[in-house]
Amino acid sequence: MPVMNKIVRVAVLVFCCAALAPVAQAQPPQPQDEFVPVGNSPAPEQIPAAPLLIGAYVIVLAGLFAYVVSLSRRLGAVHRDVERLEADLKRRGRS
Amino acid sequence: MPKWFTPAAILCGLMFVVSPVLIARAPDESSMGMVYKIYYYHMPSAWMFLLAPLVCGISSALYLARGRPGDDRRAWAAAELTVLFGALTLITGPLWARRAWGTWWVWDARLTSSLVGWMIGWAYLILRRYGGPGSDKLAAGVALFGAVNVPFIYISVNYWRTIHPPTTVVPRLPVEMGLPLWFCVFAFLLLFILLMTMRLRLEAARTRLDALYVALDE
Amino acid sequence: MSTERRGHAAGSPFARSVWLVLRKDLTVEVRSGEIAYTTLFFAASCVLIFAFALVKEGRAPEGGAAGILWIAILFAATLALGRGFERERQSETLRALLLAPVPRPAIYVGKLLGIVALLVAIEAVLLPLVAFLFTARLFAHPFWLAGIVLTCTVGLASVGTLFAAMLVRARSRDMLLPVLLYPIVVPVIIAGVQGTAALLQPTVEIALVRFWLLLLVTFDVVFVVLALWTFEAVMSD
Chain B
1 MPVMNKIVRV AVLVFCCAAL APVAQAQPPQ PQDEFVPVGN SPAPEQIPAA PLLIGAYVIV
61 LAGLFAYVVS LSRRLGAVHR DVERLEADLK RRGRS
Chain X
1001 MPKWFTPAAI LCGLMFVVSP VLIARAPDES SMGMVYKIYY YHMPSAWMFL LAPLVCGISS
1061 ALYLARGRPG DDRRAWAAAE LTVLFGALTL ITGPLWARRA WGTWWVWDAR LTSSLVGWMI
1121 GWAYLILRRY GGPGSDKLAA GVALFGAVNV PFIYISVNYW RTIHPPTTVV PRLPVEMGLP
1181 LWFCVFAFLL LFILLMTMRL RLEAARTRLD ALYVALDE
Chain V
2001 MSTERRGHAA GSPFARSVWL VLRKDLTVEV RSGEIAYTTL FFAASCVLIF AFALVKEGRA
2061 PEGGAAGILW IAILFAATLA LGRGFERERQ SETLRALLLA PVPRPAIYVG KLLGIVALLV
2121 AIEAVLLPLV AFLFTARLFA HPFWLAGIVL TCTVGLASVG TLFAAMLVRA RSRDMLLPVL
2181 LYPIVVPVII AGVQGTAALL QPTVEIALVR FWLLLLVTFD VVFVVLALWT FEAVMSD
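Protein chains in written order, with this note's numbering: chain B, 1 to 95; chain X, 1001 to 1218; chain V, 2001 to 2237.
Bear in mind the hints are in silico, worked out from the structure with no lab data behind them.
A virtual CB, placed ideally from N, CA and C, is assigned to each residue, including glycine.
If a hint is listed, it holds; no wrong ones were tucked in.
If you want a taste of the chain V side facing chain X, the calculated C-beta under 7 Å gives, among others:
1) Arg2171
2) Val2179
3) Ile2184
Okay, the calculated bits of chain X under chain B, using three or more residues with CB under 8 Å as the criterion:
4) 1083–1092
5) 1193–1203
Heads up, simulated EDC-like pairs for lysine to aspartate or glutamate below, C-alpha to C-alpha not over 20 Å straight-line:
6) V:Lys2024 <-> V:Glu2034
7) X:Lys1003 <-> X:Glu1203
8) B:Lys90 <-> X:Asp1210
9) B:Lys90 <-> X:Asp1217
10) V:Lys2024 <-> V:Glu2092
11) V:Lys2024 <-> V:Glu2086
12) V:Lys2024 <-> V:Glu2088
13) B:Lys90 <-> X:Glu1218
Model the full structure from these sequences, guided by the hints.
Quick look at the structure:
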C-alpha cells in the first residue's frame, strides 16, 4: 500500500501538471498587471473613495479586536473554572 | 503564555498603530486613485486567509498520521483563523471592488474559490461544535480538502478570465508601494502567530479543565 | 503484511474485495430498490419544481437546464449517500467490513463504485427529463456529455462517500453531510454545469468542453487519492 500510495501520488502530480497545461495556454491578457503610482489625485476624485477606504480599515481593526476580546473572554472563563475545580479537588483531598 | 508573547504583542499593536500613517504617505495609484489603499490591509488578510487552511491541513494530516492531540488543537485554532481572516478579506475586497470595478462581487474563479474556502472553514467549526465524539478525525479529513483548495485559489487569477488583479502585481510593486505593504504583511503575520498562540493556550486550558472534571468524578 | 505484498503483485485480492463490496451493495439495492426508487422520485420532483417555478409565459428559461440538472443530481446524491450509510449503520455492516481482512481502500472503492452506479442510473432518467422539460439539445454530442456527466458524478461521489462513511458514527449526521460536502464539491459542480452548458450552446465549442472535462478529471484524481488516504486514516481506530 505505501508503494502504491507513492506511485499514485506521483501520477497525480504529473497528471495535474499535464491537465492544467492546455488550460494555461488559452487566456486573454489580464486587465491590469501591475499597480502604477502617481502623485496625489485631485481632491474631487478622493471624496467618494474615502468612506469605502475608512470603512474597510475600521472593519478590519474592529474585527481583529473583537476576536482578541472573544479569545480573552473564553480564556478567562476557562481559567476561572480551572481554578474553581482545583480548589474543589484540594478541599476534597484534605477532607 | 510564553515569555516572548507580551513584547511581541506590544510590537504588533504598535505596528498596527503606525500602519495607517505609512499607508497615508504611500502614493495614489494611476487608475484607482486613493481607494486602492484598502489593498494594504486586504492583501495581508488574504495571505493569512491562505496560510491558515494550509496550517490547518498540515496539522490535520499530522494528526491523522500520528494521533497527537497537539496537532488537532493547532488544526482547530487554524480553522478559526481561516474564518476570521476570510471574513476580513471577503469584506474588504468588495469594498474596494465597488470603486475599482463598479460592482460589489463577481462570480469569477478567485472570488468563488475564496468563498468556498471560507465555507470549508465554517464547515470545520460546525463539525467540531456539533459533531459529537469522533468529530476530531472527521474534521481533520475536511481540513485536508480545504488545504487542497488553497493553491487553486492562488493560481486561479492567473489562469482564468477574471477582473481580480493577478499575482504579478506584488513582485512588480515600486518601492514606495512595496514598503508599506510588507510592513503590513509582517504586522499581520505577527498577529497570526500571536492569535494562534492564544487560541492554543485556550485549547490546552480546556483539556486541563476536562481532566479536572474527570478527576473530580472519581 | 506479506499478504498485502502478494496482493500488490497479483492485484486481484484488492480487485476481488472491491467487487465483493460492490456486489453486496448492488444486490441489496436490486432486491429492495429502496434507495434507487426514492432518490429517483425525489430528483425528478426537484427538476419538475424548478421547471414549474422558473417557467415564464409558458416557456422554460434559457440556459437553466445545466444548473437545474446538476442541482437535482447533487440533492439526489446527498439523499442516496445518507440513506445508504444509514442502512450500513443499522445493520452494523460497516463495522463488520472494517473488521474483515479486507484492505480499507478496497472498501472505499467498492462503496464509491456502488454510489456511482446508482447515480448513473438516476442520471439516465434525469437527462431525458431535463432535455424534454427545458427543450435542451442534450444529446447532440453524446460522448462528450457522457464524459462530463461521468467525471462530475465521480467527483461528487468520491467526496460524498468519504464523508458519509466518516459521519456514520457522528451526531447530527444527516445535517452535517450537506454542510461538509457542498462547499468542497462546489468546484466540481461549477465545472460540471459549465461543461454541460457548453454542450447546450447553439454552436458547441469543443475546446471549451474539453477544458472543463480535463478540469473535472483533475478534480477526480485529486479527490479520489485524497479520499483513499483519508478513509484509511480516519477509519482505523
